[in-house]
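*Asks:* Each chain, written out:
Number of protein chains: 2
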Amino acid sequence: MATEKEAQGGLEWRVSVPEGSAAEMELESKWIHRARTWLIQLVMTVVSKVTSFGKKAGKIGADDPRKVIHGVKVGIALTLVSLFYYTRPLYDGVGGCALWAVMTVVVVFEFTVGGCLYKGINRAVATSTAGTLAVGIHWIASKSGEKVEPIILSSSVFLLASAATFSRFIPNIKARFDYGITIFILTFSLVAVSGYRVDELLRLAQVRICTIAIGIAICLVVCVLVRPVWAGQELHLLVSRNMDKLADSLEGLVEDYFMKDKKVEGEVSCSQRSQGYKNVLNSKASEDSQANLARWEPGHGKFGFKHPWSQYLKVGAAMRYCAYCMEALNGCINSEIQAPEHMKRHLRDVCMRLSLGSSKVLKEISSSVKSMKESRSIQVLVGEMNDAVEELQVALRSLPKQLTQSPAAAAEAATIEKRHCVPATTISLMEVMPLFTAVSLLIEVSERVGGVVDAVGTLATLACFEPIDHKKASSSVVPQDEESMKPSQEV
Amino acid sequence: MATEKEAQGGLEWRVSVPEGSAAEMELESKWIHRARTWLIQLVMTVVSKVTSFGKKAGKIGADDPRKVIHGVKVGIALTLVSLFYYTRPLYDGVGGCALWAVMTVVVVFEFTVGGCLYKGINRAVATSTAGTLAVGIHWIASKSGEKVEPIILSSSVFLLASAATFSRFIPNIKARFDYGITIFILTFSLVAVSGYRVDELLRLAQVRICTIAIGIAICLVVCVLVRPVWAGQELHLLVSRNMDKLADSLEGLVEDYFMKDKKVEGEVSCSQRSQGYKNVLNSKASEDSQANLARWEPGHGKFGFKHPWSQYLKVGAAMRYCAYCMEALNGCINSEIQAPEHMKRHLRDVCMRLSLGSSKVLKEISSSVKSMKESRSIQVLVGEMNDAVEELQVALRSLPKQLTQSPAAAAEAATIEKRHCVPATTISLMEVMPLFTAVSLLIEVSERVGGVVDAVGTLATLACFEPIDHKKASSSVVPQDEESMKPSQEV
Chain A
63 MATEKEAQGG LEWRVSVPEG SAAEMELESK WIHRARTWLI QLVMTVVSKV
113 TSFGKKAGKI GADDPRKVIH GVKVGIALTL VSLFYYTRPL YDGVGGCALW
163 AVMTVVVVFE FTVGGCLYKG INRAVATSTA GTLAVGIHWI ASKSGEKVEP
213 IILSSSVFLL ASAATFSRFI PNIKARFDYG ITIFILTFSL VAVSGYRVDE
263 LLRLAQVRIC TIAIGIAICL VVCVLVRPVW AGQELHLLVS RNMDKLADSL
313 EGLVEDYFMK DKKVEGEVSC SQRSQGYKNV LNSKASEDSQ ANLARWEPGH
363 GKFGFKHPWS QYLKVGAAMR YCAYCMEALN GCINSEIQAP EHMKRHLRDV
413 CMRLSLGSSK VLKEISSSVK SMKESRSIQV LVGEMNDAVE ELQVALRSLP
463 KQLTQSPAAA AEAATIEKRH CVPATTISLM EVMPLFTAVS LLIEVSERVG
513 GVVDAVGTLA TLACFEPIDH KKASSSVVPQ DEESMKPSQE V
Chain B
63 MATEKEAQGG LEWRVSVPEG SAAEMELESK WIHRARTWLI QLVMTVVSKV
113 TSFGKKAGKI GADDPRKVIH GVKVGIALTL VSLFYYTRPL YDGVGGCALW
163 AVMTVVVVFE FTVGGCLYKG INRAVATSTA GTLAVGIHWI ASKSGEKVEP
213 IILSSSVFLL ASAATFSRFI PNIKARFDYG ITIFILTFSL VAVSGYRVDE
263 LLRLAQVRIC TIAIGIAICL VVCVLVRPVW AGQELHLLVS RNMDKLADSL
313 EGLVEDYFMK DKKVEGEVSC SQRSQGYKNV LNSKASEDSQ ANLARWEPGH
363 GKFGFKHPWS QYLKVGAAMR YCAYCMEALN GCINSEIQAP EHMKRHLRDV
413 CMRLSLGSSK VLKEISSSVK SMKESRSIQV LVGEMNDAVE ELQVALRSLP
463 KQLTQSPAAA AEAATIEKRH CVPATTISLM EVMPLFTAVS LLIEVSERVG
513 GVVDAVGTLA TLACFEPIDH KKASSSVVPQ DEESMKPSQE V
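Sequence order for the protein chains is A and B. Residues in the first sequence are numbered consecutively from 63, following the numbering used here. Residues in the second sequence are numbered consecutively from 63, following the numbering used here.
These are calculated hints, taken from the structure and not from any lab test. Possibly wrong hints are sitting among the right ones.
[Stated by the list, open to error] Using 25 Å as the maximum straight-line C-alpha spacing, the simulated DSS-like pairs for lysine-lysine come out as follows:
hint, chain 1, residue 1, chain 2, residue 2
1, A, K346, B, K376
2, B, K346, A, K236
3, A, K376, B, K346
Next up, chain A with everything else stripped away, as it sits in the complex (with noise of 0.2 Å):
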């Protein structure tokens, strides 16, 4: 269309055909049609990325809602800060310094109210004790002279910061103070190196500190009275569903084991939930750096100002001591040798009750853990996996007949027995092992549990759990596990 009524306008325009032009304009149209064909690639991988990342995104936020609500109160935090520059005599007040007031929103609030409040109060306690002893060593320094003043201000600041770099390092101030000693760092070098007056760094000082304070509180108020997440509960729900996820994994490895050829249609999901105890293995870092937040929280729901954080931190240990167990068997349920059918059939039923008592264990103490009752039946149960430890062992101890008394030679077994002697036809003993080795780390692994029920028990009277009412305990125990299991929703 364009070239039409250009060529209609200008008389000096023409269109030059030279020869072999097809030829070009075929080139020319491949050329064309290649980078169309490029450029539709390119949108198609950018929308598939775009959607694929957004579904991810989805994904998360649908799992746990709580993030997409953590990402709103940031931003509720943020408007709410953003306030005090469109208000005129909050504007007055801490006008020039609302700067910090931003900037202690955007670094302090976190995801949960001991990771807000250890952040609030280091930087609180960081910022005023630094900018003290700033103002102090300035102050000292402006009466010296104005030749030692930048050696005095930039000696103490090259002494202080060396020093409290190298703090960081111990373990114990690491896990505390790390946070607060980069303020201190950060609010000591400013204040020291900067070109004002001491009565000027005083006032400057009191609006700053000021405005953290506005900064914190806003934080706190929002993180604390919009769905709050507290880093002891989830500590205390880490570890609870951990334990179901042991004793689900526990019972999925035997049945794994024992029952392989009967149901070959829902190995998938149940190897799926044998696998649990790898989550265990993983979870120690989400462990510690919880337990270490969850120590600047206040009470809140059924915990106390003093709650035994740390011993979770040993419930959690027992727990990996276990799982490094579990490891060990699953490489040996998936070994390639494996024990004779009419062996594992004469183990089965003892090693299926021993990892099924060995479960109810796990479960009933995390039942216990999650409504912080004592347990009723505890004491039952342990007794009843002890039980079913023994009873594997009476049937180990009747192996050695079945270990050289095959199917054929059943019939003439009676006859040898009374000459005391039995055949010589033996299994191969490399073919039991894995059997032997299987059942050996599944006493192990109930032993293991008994550790975890100790550390629970532990738990149980550092954090005062509710005593068991004996009376109700003796008269039934189907309502109890009823009860039990309620709370646990509550959580």
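Once you've looked at the hints, dock chain B against the given chain A.
*Replies:* Just chain B, lined up with the frame of chain A:
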């Protein structure tokens, strides 16, 4: 003395000594005594606490002097930044914004070069993108009238802060851009919410980006030039050190088990050595963070820019997989039930050979990783390890006879065996179970060592380890060992 003088000077003055004063004075002196004791105790406690803290800090510094050096480096960087305040021309240039340079140094300076680069790049990119975006929105808002302006600004802060905060929950983004997102939110909020006009903003942004660049440059220069600590090299050393620990631990465990009675004196040191695998169990977090930071580092020493850091994580996972099994082995070795001595003796030599074989394999790949040279003898060593597994299996196959042959019955055996019978005086299977389990786990450990070898093989391919000179390799084995050990000291 004072009372005498006063008595001489003033007649009015009289010392009144009421009845019971002796008792009161005694009480008072008791009180003073108590207070003094308490004060002394307090001082002692404080002194002892400070001393123990100092000792702890001293030990940390002595164990790893780089931590002390890091403190000094931070001091140097901060002192360099503070020069901006005392050097006139520089002051005039970036003066009021030097705050940002100090802040950048304090916040960006990390222990490793990777950490420094991660934070520096994140800070620079986030500041510039957020600044540009905020200036754009500010401009739009300023055009839309005084009433709409705060609404546009506040809602943009709310939306962007919420979205950015939520994006931190996406694992990939969290791992690479966590710090950048904080700075993005901070910069955007500060700029969008500030009361400046757009042209003022542009000048401010320019100065601020300039000061941040100066801060980052000082950080990087000090971090790289003064005894740099590379996250990649740390990861590299951690992984190869962990392999050595696994190797020692495996040897130690098996020695502990089979030589328990032989050396009671050396047991403590031996047990300590055998517990090295626990370090491997707990090193996931540091491996992850170091691999994460190593990605930001340019090529250094023997490591190229695209060094396959993520493969180290796979090697680490394979080692942990090994360590889980060793943890179960440890439990089994410390079991209360111990196999009869003559049974243990039967398997001792083959088990020791297997543990030594596996340990040699681990040490060989460790030195191969350290020196970044393909190993010459790994095939031979793995072959030896597998031979040892087979030997152990042969020894196990000959066990059923041993199982039923008490030393006393040994003489009888020959006659009985002719009749194809074994005596029915069987040793309880329960007694030998821990031995079987230990042996079985030992075999499993050696299999998992194979997994570590494979992971290191992949690493060797990806990281282009120096290939073997086959001529040299075939000529002798001893010099190769020496050679492969040498570079480990250089690393």
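*Asks:* For each hint, tell me whether it holds in the structure or not.
*Replies:* Consistency of the hints with the structure:
1. K346(A) - K376(B): holds (19 Å)
2. K346(B) - K236(A): Since the Cα atoms of K346(B) and K236(A) sit roughly 19 Å apart, the hinted pair holds (cutoff 25 Å).
3. K376(A) - K346(B): Distance of about 19 Å is within 25 Å: holds.
The structure is consistent with each of the numbered hints, conforming to all of them.
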